[in-house]
Amino acid sequence: MTLTSSQDTAEQQEMAQLDLTGWGTLGDALAQFEDGPINVFGGIPGERVMARILRYRRRRQDHVSGIVTDVLSPSPHRVEAPCGYFGQCTGCQWQHIEYRHQLKLKQDRVEDNMSQYPQLQGVDVSPTMPSPQLMNYRNHARFTIRNQGQMGFINRLSRRFVKVDDCMIMAPWINEALGSLQDKAWETTQMSIRYGVNTGDWLIQPALKNPEITIATGQTHYTERLMNHDLRIASPSFAQVNTPQTEQMMGLVRERLHLTGQELLIDAYAGVGTFAVLLSSSVRKVIAIEESAAAVKDAAVNTEGIENLEFIEGRTEEVLKELGKTPDAVILDPPRVGCHPDTLTALVRYPAKRIAYVSCDPETLARDLAILVDGGYEVESVEPIDMFPQTHHVECLTVLKHGVKGGSE
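Start counting the sequence shown at 31; every next residue gets the next number (the working numbering).
For each label pair, taking beta carbons as the anchor points, the in silico distance ranges come out as: (1) L56 <-> E206: 27 to 33 angstroms; (2) P241 <-> N177: 19 to 25 angstroms; (3) R85 <-> N338: 58 to 64 angstroms; (4) Q146 <-> G209: 42 to 48 angstroms; (5) D142 <-> L102: 23 to 29 angstroms; (6) E393 <-> P236: 32 to 38 angstroms; (7) D372 <-> D142: 26 to 32 angstroms; (8) D372 <-> T244: 46 to 52 angstroms; (9) D195 <-> G291: 47 to 53 angstroms; (10) N258 <-> P104: 44 to 50 angstroms; (11) A46 <-> R379: 53 to 59 angstroms; (12) E321 <-> G291: 27 to 33 angstroms; (13) Y86 <-> T244: 38 to 44 angstroms; (14) T244 <-> Y147: 52 to 58 angstroms.
Calculated from the structure, these hints are not laboratory results. Note that CB positions come from ideal geometry on N, CA and C, so glycine has one too.
Work out the full structure, taking the sequences as your base and the hints as a guide.
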């Protein structure tokens with residue numbers, strides 16, 4: 031089985047036969063080469079492969095990695111990667127792995143991170159919730175622009191630019207927009223395209239003046255509809271990239287919190303107010319906290335007219351300490367780095383009956399869960415969610431409970 035690539039065909043290539051022994055970082059397989067382990071893109075543990083060796087220097091350090099070019103002993107979980115850019119573009123790490131096995135690998139990844147902490151031994155991790163769409167699910171694309179307005183991505187191993195005319199994980203409309211912009215976007219070096227799959231609204235930044243471009247650009251925000259609620263989202267604001275799976279996750283959060291309509295809910299790291307808006311009708315009061323000024327402006331529009339919702343601009347760790355309230359329920363949806371230590375301290379001091387922790391990084395999730403367990407919480411459920419099919423990334427919903435009475439104001 032041979033994996034073809036148009037890159038470096040005219041150059042002398044360093045090749046090596048490698049036995050893949052496990053998983054490394056960033057979704058790559060792991061192999062021993064020369065004096066130590068290296069990451070190998072496009073492999074599966076247990077395989078024997080031929081790989082092109084890449085040597086490069088980054089941040090004053092020498093690095094070595096590999097890209098599979100030929101599979102000598104294939105894994106039973108290997109499939110043909112459907113995208114012609116696979117291997118040139120490294121955005122999708124797992125297109126060569128059958129989808130059921132992708133889900134199992136994501137469950138394993140979460141379990142491995144939990145096992146690093148004595149406090150989390152024995153925690154049961156559910157099977158990964160599959161995505162409704164395996165392709166064309168992304169509502170947001172970030173393109174690099176090179177000579178003559180060529181749009182594409184950077185290979186993270188070779189650091190080479192790859193022109194891309196169609197991306198299989200992007201929403202169809204984004205690929206249509208790419209077709210309108212390709213070879214014409216010479217005014218900028220980076221471009222963001224965001225699309226509301228339930229509304230047809232879009233945002234393309236930055237604004238472009240080239241008269242050959244017929245699609246409108248330069249919008250400051252766009253609107254997406256989640257669970258029958260319209261949400262304004264500005265260019266700097268965060269939004270989940272997989273809209274159908276996001277709606278499934280929202281319903282799961284509401285279900286796992288066992289809301290009765292009498293709760294005080296704190297939505298920490300609230301962003302544009304998505305959870306706060308969608309759950310406001312299910313609780314007595316919502317206090318939403320967000321530090322991004324752009325997201326707070328969006329939230330002001332999104333939460334207008336919701337009388338039982340209070341939105342506070344500020345750092346979650348500082349606001350929780352100043353509030354001094356013991357909530358019934360808390361939603362944590364922090365960035366990849368996880369929660370600030372003072373956020374966890376406040377949640378231990380003012381314990382909620384239930385916490386729904388939404389995480390995009392199993393490593394920082396496990397770290398934070400161990401601290402909360404030390405503070406008196408118990409992990410009730412851990413549910414990986416496949417927000418990013420064909421990649422190694424995994425979202426996770428964890429519910430913790432505490433035997434206290436919340437709701438003080």
